[in-house]
Amino acid sequence: MKAYRAALLRFDDHGQPLYDRDGLLVVGPDASGRRVVRASGSHGALIDRFAGVAVEDLRGHLIAPGFIDLHVHYPQTDVIGAPAAGLLPWLENYTFPHESRFADKAYARCVADFFFDELARHGVTTALTFATSHSASVDAAFEAAQARGLRFITGKVLQDRHSPDGVRDETEQSLVDTEALIRRWHGVDRLGYAITPRFAPTSTDAQLRGAGELAAKYAEVWIQSHVAENRDEVRWVAELYPQARSYLGVYGDFGLLRERAVYAHCIHLDTHDRILMRETGAAAAVSPTSNLFLGSGFFDYAAADAAGMRYGLASDVGGGTSFSPFHTMLSAYYIGREGHTKPGLSLSPGQLWWQHTAGAARALGLEGVVGNLTPGHEADFVVLNPKATPLLARKTTQADSLDELLFALIVLGDDRLVARVHTA
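The sequence shown finishes on residue 424 if you use UniProt numbering, and the numbering steps up by one all the way, no holes.
Hints in this document: simulated from the structure, not taken from any laboratory. Every residue, glycine too, gets a C-beta built ideally from N, C-alpha and C. A couple of the hints might just be wrong.
Label-pair distances were calculated between CB atoms; the ranges are [claimed, not checked]:
#1 P343 with K387: 31 to 41 Å
#2 R148 with G28: 15 to 25 Å
#3 T389 with R184: 39 to 49 Å
#4 H162 with I275: 27 to 37 Å
Please work from the sequences and hints to get the whole structure.
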């Protein structure tokens with residue numbers, strides 16, 4: 001076992017922050033050999049119980065749960081910052097041409113290694129990630145994540161129509177490949193598989209039906225896709241599926257709404273859709289920097305809370321503009337405050353932080369596993385330096401409350417805040 005002494009942040013069962021200005025985090029193996037949190041809390045209250053354990057003194061720093069990115073495209077690492085008039089032209093002009101290169105496994109592995117280095121630099125320890133339509137891109141990402149000991153989820157993108165050569169797959173083969181990848185990778189070490197239709201317009205009925213059948217056969221795997229991101233996209237889905245009640249309803253009709261199903265964006269939903277999300281256990285990956293960048297709209301936090309649906313935060317790189325959880329949390333604050341197209345509200349700093357850690361874990365169905373630093377959680381954590389820049393040092397020194405401290409880190413923070421990252 002080993003212990004770390006520093007300020008300590010974690011969350012209670014209701015998503016409220018727990019904070020010790022002088023805290024102690026004790027990590028060590030559990031009965032199965034996993035490296036987990038054995039104890040966390042006040043240094044004064046715990047130190048006598050662990051008198052023989054080596055303690056690293058990190059006072060002046062903040063230990064917090066590793067961040068969880070609920071939706072990100074590793075193959076779009078090099079698409080970040082590409083100018084476009086909106087979602088659909090951005091896909092056509094940048095994303096699809098670049099993703100075609102991931103048929104080459106060596107190229108995919110090179111990007112995957114850079115991607116994971118970038119996540120670590122920003123304090124992200126778990127990610128739900130799109131690969132491309134090529135099996136090689138999935139193998140490359142899993143191999144890179146496995147080498148780093150990460151808890152990581154990805155899947156081969158399914159897109160057998162309305163897609164250009166190079167990324168369009170073949171219906172039957174895409175489902176055969178998906179099942180083979182599930183059997184090869186799901187549950188290996190800390191890895192998990194996600195059945196991944198890109199979005200409803202790029203999959204035929206046969207492909208979506210097959211995806212739903214695989215989701216029923218392998219109930220422990222994840223499902224990920226996009227829904228209701230952009231009004232042009234919503235209109236397109238209505239033309240393609242006139243019999244469906246809504247865009248979200250398309251996925252429900254094919255058996256793709258359940259626990260461990262995560263849908264990016266969820267902006268242009270109605271009350272019925274949000275209740276359907278709650279009733280099925282599906283969750284939203286809120287992607288604020290992407291939504292602002294592509295002009296897609298604003299996630300309605302008040303409506304989501306009223307319906308009781310699950311959600312968490314995501315970078316959505318490369319539509320998203322930063323890997324930084326701090327940039328994502330700040331953009332989520334902007335999204336929440338917007339009050340012209342929906343009710344505006346001020347998300348508290350603790351709530352924003354929860355959405356990117358324990359809340360995201362709950363959305364993934366990994367509550368109690370990652371995203372928190374209470375006993376039994378896998379020991380993924382970050383060590384943050386509140387004095388990483390002169391302005392941060394000046395601001396955080398004046399913080400009189402936990403809210404003031406966390407909000408200063410959100411508003412002024414970036415990768416320079418992250419002094420160290422520990423994964424399990």
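Violated constraints from the hint list, given by number and in increasing order: Violated hints: none at all, because every hint is consistent with the structure.
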